[in-house]
Structure formats: C-alpha cells, structure tokens
Amino acid sequence: MSDTDTDTEIDKNDNDSRKSVRRVTGTGVPLRGDDIDTDQIVPARFLKEVTFENMGNYAFYDARRDDDGELNDHPFNVYNGNILVVNDNFGCGSSREHAPQALMRWGIEGIIGESFAEIFADNCSSLGIPTVTADHETVDEIQSTVEDDPETPIEIRIQDETVTVGDETVDVGIEPSLKEALLEGIWDTTALMKSNLDEVRETYEELPYTSNFD
Amino acid sequence: MSERTLYDKVWDRHEVRQLPTGQSQLFVGLHLIHEVTSPQAFGMLEERDLEVAFPDRTYATTDHIVPTKDRSRPFEDEQAEVMLQELEKNTQKYDIEFFDLDSGHQGIVHVVGPEMGLTQPGMTIACGDSHTSTHGAFGSIGMGVGTSQIRDIFATGCIAAEKQDVRRIQVEGSLSEGVYAKDLILRIIDELGVEGGIGYVYEYGGPAIDELDMDGRMSICNMSIEGGARAGYVNPDETTFEYIKGREYAPDDENWDDAVEYWESIRSDEDAEYDDYVEFDADELEPMVTWGITPGQVVGISENTPSLDELPEGDRETAEKAYDHMQLEPGQSMEGVDVDVAFLGSCTNARLSDLREAAEVLEGHEVDPDVKALAVPGSQGVKRRAEEEGIADVFREAGFEWRGAGCSMCLGMNNDQLQGDQLCVSSSNRNYIGRMGSKEGRTVLMSPAMVAAAAVEGEITDVRRMI
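So the sequence lines, in the order shown, correspond to chains A and B. Each residue of the first sequence is one higher than the one before, starting from 1 at the first, in my numbering. Each residue of the second sequence is one higher than the one before, starting from 1001 at the first, in my numbering.
Chain B with its partners taken away, still in its complex shape:
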C-alpha cells in the first residue's frame, strides 16, 4: 500500500466511512454529467423517489450526441433530441447547473470542467465517462463510473470504491520538437500494456511532466484509462495554479491563498512510498502511431509494425485480428499508409494548444484532395479562442471543415462517422473496431500535429519533416 501520496491524502479526506463490504464510501467533490449516461440514473432516482443530495457539486453539459454541423433544434436525429431534452428536464427539475448549447460554455465534459475552473487540485471527481481520468492533470482523483454509480452519487454524494495501488511513472528528459504528450502516453501504454494498469492509479512525474502545460498533462491523464489504470494524476504545481487563476469557478482573490495552501498540502510527499515505480526517457521518444485495434498496438513512426514472432504468445491472436482488420502487414512501415479521413478532436486532443500545434503544421499547406478533414474544438470556449487567434482560418484555408464543439467522430454517436473501411488518422483515444461508427472503419491514433501532417500528405507521415 502506498503512503503519503497525493492519492492517499485525497482519499483520506474524502472517505466517509468503511462499508461492510470493505469498500470505502467516498465523497465525490465534483460530479460532471452529460446526456448519454445520466438519463437512466435519473430514472432510477425517480423510481426510488430520491433527490439529488448535492446539486451544488453537480454540473452538466452535452457532448456525445451533439451535432457538430447543424445545431438547430430540434435536432435532425430524433433520439439525440430526446436525450438532450431529458438532460434539460432533469437539470431543471433537480436544480443542476447546465452548460447548454446556448451558454457559450458547452463542450466535451472533460474540456469544459477544467476550462471553467471547476476542476481543481485535491478533489475527487466522477463522471459517467471513462475519460474522467483527464481531471487528474490538476492533482485531483478523476474516476469514470457507470450509471448505477451515478445514481449513487445523485442520491448520496458518494461512490462505493476500493482503494488502488499507486504506480509512479517517472519521465526523465525532455520531449523533442514534433513530439508531444500524446506520443508519450502512447509509448507508456505500449510499454506497460493495455491491462498493465489494472489495480493501479498512475502518478506521472519527473522533468518531462513538469515541463508540460496543462493541456499536455490532460492528454496524458486522459489516456490512463487506455492503459487499464483507474485514474492518473500529476501533482499540482505553479503551472496548475496559473491555469486555474481567474477562471469562472476558481477561488477568488480573497480566498486564493487558502486554496493554494490546500492544493500544496495534498501533493505527494518527497518521501512518499509507491507500490510500483517505472521510469521513461522522453529524450528518446519519437512520434507514435497505432497500427492495430487497441491503443497498446503502437509503434514509433520510424519503426516497422511487429512481426507475429516477436510478440509475446498471448498477444499474437489479437495482432492477427488487428492486421486483418486494419489491412496492414506485419513488418511494414506505417509511413506512407493511405489516409481517407483526418479527425482533430476528442477529450484527448481538442484543446487550444492541440489546435495550435496542428495549425502550425498546416500553415501554408493544403489538405490532400482525397482526404476529408474535420477540426472539432473540444468546447465552445476553445472554438471562440481559436477563432480569435486566427487558427480557425488556418484550418479553413487548408481545407479542414471547422465544426462546432462535441465528441464528434471519436465514438460516432452523432452524424460524424466513418463510412465503410475508411482509414482515419485521429487525435482521439481509441482505435477499437467499430469505434468511429463503421464496423469496417479503421482508426490510427496519433498526435494532433501528426494528424495535420497526414491530412496534407494524404498518407501517414513523420511530422518532424514538416516543421
């Protein structure tokens, strides 16, 4: 068992009591909800005639089903319209603040929370979405939960949870030009495996993590779940505080020092004990791309895809299935693979810095005429700022479609979906079969800059040659 880590300290402060099952009843300091996983939970509340215990700790937005093109109401998709109406009805009924389409703050729940200053260090944060781990970038414990647990949080402010072990992931060195946080997390998942994190929470630290901005840290924590970890976090520091200061829900000037004091108090101690420790070197890292159907099937852009023989026996079957699905061969280079669709978006990489990095690559270039390219900002806030900065124009001029905020193609719950066996280079988090709306569709995960490079070349390419 770990001792005096941020995880231990935050856990202790939120543990209400031990349950007879041996689990902890853990208070949830921030509950974020959206349209897809909440209506069933509200339904369960009604069935049991229960109230929302802490509406003031609950915030809603809408992201998964929102169209990114025509957002006029009612939505063309009737089911999507019903989902949104349910959320409108429920947030009103239970007095929950809702960042709706007209609020100017709507967007992907994991982009909106931090952007509004709701996400703060030392909180427990839950949401019915596995990428709640994103919020760990602030030194909070972000946990994805299911709908029955959402019901629990509504009714009691708590979840029944089991404490995990803590693995320290120490990243030495520094990322080189053209290599980003996304490449680092893909490398980490490559090394530790997609189930390597089961039973663990990941604490990321070391010089390369310290150097990252909040957007980069969010990308890393976001994909902790892809490595099997229940949550991932970075200890809060000046970068964190600077990001939060002045945001709408941040502590105001009078209370700022008290806030910082609390936030500093929950940092892992110098002599904290971890259950496991692994080290990575950022210096050696190159842009990473997935070749398969799990985020762990990944290679550096200069490497070839693995031959079946060089994989551990247990991984060969999935690899064979992956090659078959992806229409790729063992031992080939990913560079030069033809691209049909380029998707810049998702809770992993649709923040302002992601769009800036991609725009830098696109400046003065045009998207290959055979590529359909979509830029989907993570929130209305991101969209607005990108438009003010002129980034949106760079995208449009290059031939990208500039869309409204939402989850979009990442999971294909709205109209943005792959058709047939299209190959999509994507800044999102999952390359599972059928993930982007077509069961023959093929997804290759990479950094936003790499997506931009591939869109221009019409094939997967090493972005470092273009910057």
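Next up, chain A with everything else stripped away, as it sits in the complex:
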C-alpha cells in the first residue's frame, strides 16, 4: 500500500538520520470538516506517556468510537490509506507533537489539505511529513474520488508540486522551505543547526539580556 520514495543515508553525522522525501504514493483517507483540532487527533488524556511509542493507537481515539465504545464509521475505521485528505485549518489548537506523531505512527505519510495550523505544519515538517495545500474544490474532489473508490492511487510529488489522483494531476502548494527540507533531507534540523553552534554562541553573547544587562 505505502511507498514513500526516499533516499536514505545522505549524511549520518551526529547520529542524525537524514533522508530526502521526494514523493509519497499510496491511497487516501478522506477526512472531512474544518478546524479539526489536535485535541480530536489525540485526546489530552493520552498525553500522559513519556514516549511517542503508542501514539498510533490513540489517533482520533474518541472520534472513532460511539458512546458505547464501539468503532463507528470514522474514516480512520473505514480507510487504510497513507495519505490524509483534509479541509480548512487542520491541526489547530494545542502544539502537541503527539498529534502528527499519532498520525505518522498510524501510517499517514503525507497530508493534502486546504490549510494547516502553523505549529501543526511545523511539527509535520520536523517528522518529514509533507503537508500540501489546494483549494476547497480540489480537495473536495479528491475526497469524493477516494470515497467512491478507496483504492484510487494517489501520488504527492514534492519537486513538481503536484498531486496525481488516478489519472488526474493537479497543482498543489507547498511551502518553499518545506519543499527544500524534504528534497534535501534536512527536515530534521538538529544536526544542521548544531553545526552553527559557534555563531549561536556569538548571538547569545550579543544579546544584552543573557547576562541580565550586566
């Protein structure tokens, strides 16, 4: 089902695993609705674990269940895809990385949406998950196509900034910095920024408040 095209082992300095993400292929999960917040993606009571290991089990935990605890017809119960298709302001609310971690560990490898809350998009970027944007009509059409035939192949191409759904290819938006980070495999920024640590120290020294203005 899933086939994320990546080049691994570009650089293993600092125990930092870098890999470029050029495209994500697979099938879709249409999740309709605006303003789906991170409390819905992972309810707060599941944040009491000191690792992200089990987060996949908690993705949309409450939304997926009826009042009696039975699984309902939530898209996460119905579809097996690895590309999430969402509407406006997805991932708003809490900054918890638990949310994208839950989606990733559930099996989501790319997200197409009308718009994303910024911290959520940043968190996805830190995990190498592309978040690409399209207008309402385009997203709605992709959702309908997947609803009609869940096996419809979907491909997100980062370099071309396109999404292909079945035979149809549409242009999508992707933040230039995210595009660069994914293609170059530098979405995990720790090693990259650590290599500038001398300059960081200079900045630190120059800021008057770091010495409490002494």
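If you're looking for bench data, these hints aren't it; they were derived computationally from the structure. These figures come from a predicted structure and were not determined experimentally. All residues carry an ideal CB built from backbone N, CA and C; glycine is no exception. Be aware that one or more of the hints could be misleading.
DSSO-like cross-link-like pairs, simulated, lysine-lysine; straight-line CA separation at most 30 Å [claimed, not checked]:
id, chain 1, residue 1, chain 2, residue 2
1, A, Lys19, A, Lys179
2, B, Lys1163, A, Lys179
3, A, Lys19, A, Lys194
4, A, Lys194, B, Lys1163
5, B, Lys1163, B, Lys1009
6, B, Lys1069, A, Lys48
7, B, Lys1321, B, Lys1439
8, A, Lys194, B, Lys1089
9, A, Lys194, B, Lys1093
If you want the ones that stay clear, here's a sample from chain B, every Cβ over 10 Å from chain A, calculated [unchecked claim]:
id, residue
10, Lys1069
11, Ser1103
12, Met1116
13, Tyr1277
14, Asp1324
15, Pro1330
16, Asp1368
Not everything, but these chain B residues come out facing chain A in the computed CB check (under 7 Å) [said to hold, decoys possible]:
id, residue
17, Pro1039
18, Gln1079
19, Val1194
20, Ala1259
21, Tyr1432
22, Arg1435
Fit chain B to the given chain A structure using the hints.
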C-alpha cells in the same frame, strides 16, 4: 513584508543565520519546559548523545498533570507521577532550574514565567505549549513549538523558523465596566476567524490596549493562537516595566536603565510598516460567550446565536455540528442556558486580577447549589497572594472549591474533568469537543467575572447586572 516593527527588530537580533531551506535559525532567549512535552525531547537527546546547550536559558515547572487537590507524592495517578519524575530526573541531569511543587513558585508555565520576571521584552521565548504566545504581552516573541523543536532548542539553543507577516490590530476606545480583555480577544477572533491569523503575528495596540494591565494583555496575547496567529505581542511601555521591576529574575537596580534602554529600542517605530491593519472599537463591546465548539463561534451576551442561513456557507457544517454537540438551537439567547460546572482557571485567566474580578462579583453571593464551582489559581504565587488579600475566603464562602495551582480542567489531564454532557462555563481558552476530559462535555468560554455570575445564577447571565 513588515518593516521596523518590534517583530522585525527582535527577529533580526536573534537570527543566527539563514538555513539552506530558506528558514532562519533563530536563537531562543528563554526556553520554558513542563512535564508533558519535554520527556520525549530529552529521550531524543539521549538517543543522539547530545547535551543541553544553554541550560541557563532554560527553566522548568510542572502544570498539566499536577493534581489540584491532593498533591502528596507519589501521585494517585501513576502516569502523572512518572511524568513528574522524568522532569525531576532530567532537570537534575542537565542542570536546569525547576520550579517544583515545593518551590513555592510552581504553576502554569505561562503564569510562572512573567511572575518570576523571566519573561522580558525583546526576547524570543519558546515552550512546548501553544499558549506561549502569552509572553508577547511583554513585547517578546512567544512561540509554541512541538517536541522535535524542543529537542532542537535543547541541542542548539535555536529553532528553524519562518518569518511571518505582521498584522496590526488597533483597538480604539475603552472597555466599559463588566467588559474585559477576554471579551475583546473573543471579539477579535469572532471577526477575523479561527484561521484568520495563519501566516501572521498579531501586534495589538491602541488606546484600549495601552489601558490594560499586564494580566489583561496576557489574556489577549494568550488567545492569539486561537485566532490562528503564530504569536501576538504588545509593545512594551511603562506598564510593562513597572510589572517587571523588582521581580526575582528581573535586571537589578544597577542594570535597570540599560534594560529599559534595550526594551525601548525594540518597540515598533512610529512609522513602522505592517502587512495588514485592522481596527476595533472597544467602546461598543459587551461580554462575549461562545456557543459552539471553536473559540470563533461566539456572540455578545445580548445577541442570539446565529441562524445557519446568516453564516457563510463554509461555516455551516461546523455550526450544525456545534449546535448538535452543545444541545443549543440557532437563534436562541445564551442567557439562561443551564450551567453544571464553573471553572475559573487556565493560562488565559487565572491570574490575580482575574480572581479579583470574579471575587468582586461573588462577594455576598452564593454559588447555585446545582453548580460545581472550581477556582484554580495559575500559580502558587497567585494562590498565596489571593489568600493574603482575602480573595480565597470570598471564593470559599461563596461555595467555590479553592484548589492548588495547575492547568486543571482546561484540558482535563488531571482528575479535574467534566462528566458526561455537563455544561461548563470556563475562563479558559478552548471549547473543542472532548477538551475538558469528556467527549460529551460542553464548554462555554467567557471572562472570569462572567463565570462567577453564571456560577451564582446557575445559568449564563450578563455580569453587568450584578456589578
């Protein structure tokens, strides 16, 4: 692109260099951590055998999982106990100052930072919590971050970030009696939308903002994130300086003038250029209450909830879902809606002035016998002062439970949770489904004074009639 705003100036001073992605490597001048989003980041550090680069710029407290009733150790909730132990272990190992339960300074991270004088103008401040925007009230750039970014800050003192546009939100006029900063920010989110701030940082200014005390400014900046903005700030002024002076981590007398000089230098210039400009009028504002399941679904207390027809087409589906969940009807008044729980707390409104405003309303009244009412101070410091001032007694006598400091019911990560479909009037920041610990639970956001009024009446009511 904005020019010579506080945001531009602070950004420039903290930008280490451009990254190949086009993002900036931005130095984080103050890193606040708590128990929920840090253990995974410490885990990543260990995996990579990295150190904390600037422990002296890092401070910890504990808030989300802390019980507000029985705080004896070990906690009854084993998972909560483990989270706290992880933080104790990590802060010790990496030599990070920790305002723990016995310190007298523990509390909600966004209440503690300002209260200790750690939060100062012209800083970049990050924390693994979206309400880090609160610190913008001091003229700093406060950014909520995820756990991978916390790892970045630990290891490098920096985050990779993209510069945003700046929207000036000019608030003319003056708030009338019974109308507070909370009402203003709810009105702003109502007008600009919950995603209206995407791509922006909000600069709040104008006479009504100048008049606010620091607590009020913090409430406004706190909820910038609810409007989709990455951060919100107010230019520092005498009110700001006065608040900071004498606090534990504030610059001391000898260095005070240098500090003020820096703080004044980073203010937005008179002729600063903004990417967008919107104006509000505080004179016309009335108490606001939410009726739905996002902070943007809000009406004035004298208004009726919107009919589906009058909403833009794109908002109708969420509105229908909201009415269904909240057990409310389009076109009804929020006044008179029955209340089960009253919650005074959270990083939005659990500071001393919030408690004072609520106590003023409660004085001489009793909470309706059918309402469970909780007052949860934002920090041990706030709690202490409220007790010294006699506010705590007002709450207790009125029938409020007077609790220990923490996030409490705002996100239901401790024992304070809604049961079933209880309706809670809350001074917190989010009314999302399931937010307060029950997926059927219903949250109505409002100012602390409005929460107090609703607790007394047993139904949502216009506080202006009670003061």
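Cross-check of the supplied hints:
Of the supplied pair hints, the one linking A:Lys19 and A:Lys179 holds, its CA atoms being roughly 13 Å apart against a limit of 30 Å. At most 30 Å may separate the alpha-carbon atoms for a hinted pair to count; B:Lys1163 and A:Lys179 meet this at roughly 16 Å. Among the hinted pairs, A:Lys19 with A:Lys194 is consistent with the structure: their alpha-carbon atoms are about 18 Å apart, no more than 30 Å. Distance hint between A:Lys194 and B:Lys1163 is fulfilled; the C-alpha atoms sit about 20 Å from each other, no more than 30 Å.
Between the alpha carbons of B:Lys1163 and B:Lys1009 the distance comes to roughly 12 Å, so the proposed pair stays at or under 30 Å and holds. With a C-alpha separation of about 19 Å, the suggested pairing of B:Lys1069 with A:Lys48 holds against the 30 Å cut-off. Of the pairs offered as hints, the one joining B:Lys1321 and B:Lys1439 holds, with about 14 Å between alpha carbons and a cut-off of 30 Å not exceeded. The straight-line distance between the Cα atoms of A:Lys194 and B:Lys1089 is roughly 25 Å, inside the 30 Å bound, and the hint therefore holds.
This hinted pair checks out: A:Lys194 and B:Lys1093 have alpha carbons roughly 21 Å apart, not beyond 30 Å. For B:Lys1069, the shortest C-beta to C-beta distance to chain A comes to about 18 Å, beyond the 10 Å cut-off, and the non-interface label holds. Interface exclusion of B:Ser1103 from chain A stands, the closest Cβ pair being 20 Å apart, more than 10 Å. At roughly 13 Å from the closest C-beta of chain A, the C-beta of B:Met1116 stays outside 10 Å, upholding its exclusion from the interface.
In this structure B:Tyr1277 is separated from chain A by more than 10 Å, as the shortest Cβ-Cβ distance comes to about 21 Å. The claim that B:Asp1324 is not at the interface with chain A holds, since no C-beta of that chain comes within 10 Å of its own (minimum 13 Å). With a least CB separation of 18 Å from chain A, B:Pro1330 remains clear of the 10 Å interface cut-off, as annotated. With a closest Cβ-Cβ approach of about 28 Å to chain A, B:Asp1368 is found to remain outside the 10 Å limit, as its non-interface label requires.
For B:Pro1039, the suggested interface contact is upheld, since its CB lies about 4 Å from the closest CB of chain A, less than 7 Å. A hinted interface residue such as B:Gln1079 counts as satisfied when its beta carbon comes closer than 7 Å to some beta carbon of chain A; here the least separation is about 4 Å, so the hint holds. Taken as an interface hint, B:Val1194 checks out: its beta carbon lies about 6 Å from the nearest beta carbon of chain A, inside 7 Å. The interface hint given for B:Ala1259 is met, as the beta carbon of that residue sits about 5 Å from the closest beta carbon of chain A, less than 7 Å.
With a cut of 7 Å, the hint placing B:Tyr1432 at the interface with chain A holds, because the nearest CB-to-CB distance is about 5 Å. Interface hint status for B:Arg1435: upheld, as the beta-carbon distance to the closest one in chain A is roughly 5 Å, under 7 Å.
Going down the numbered hints, you'll see the structure goes against none, and every one checks out.
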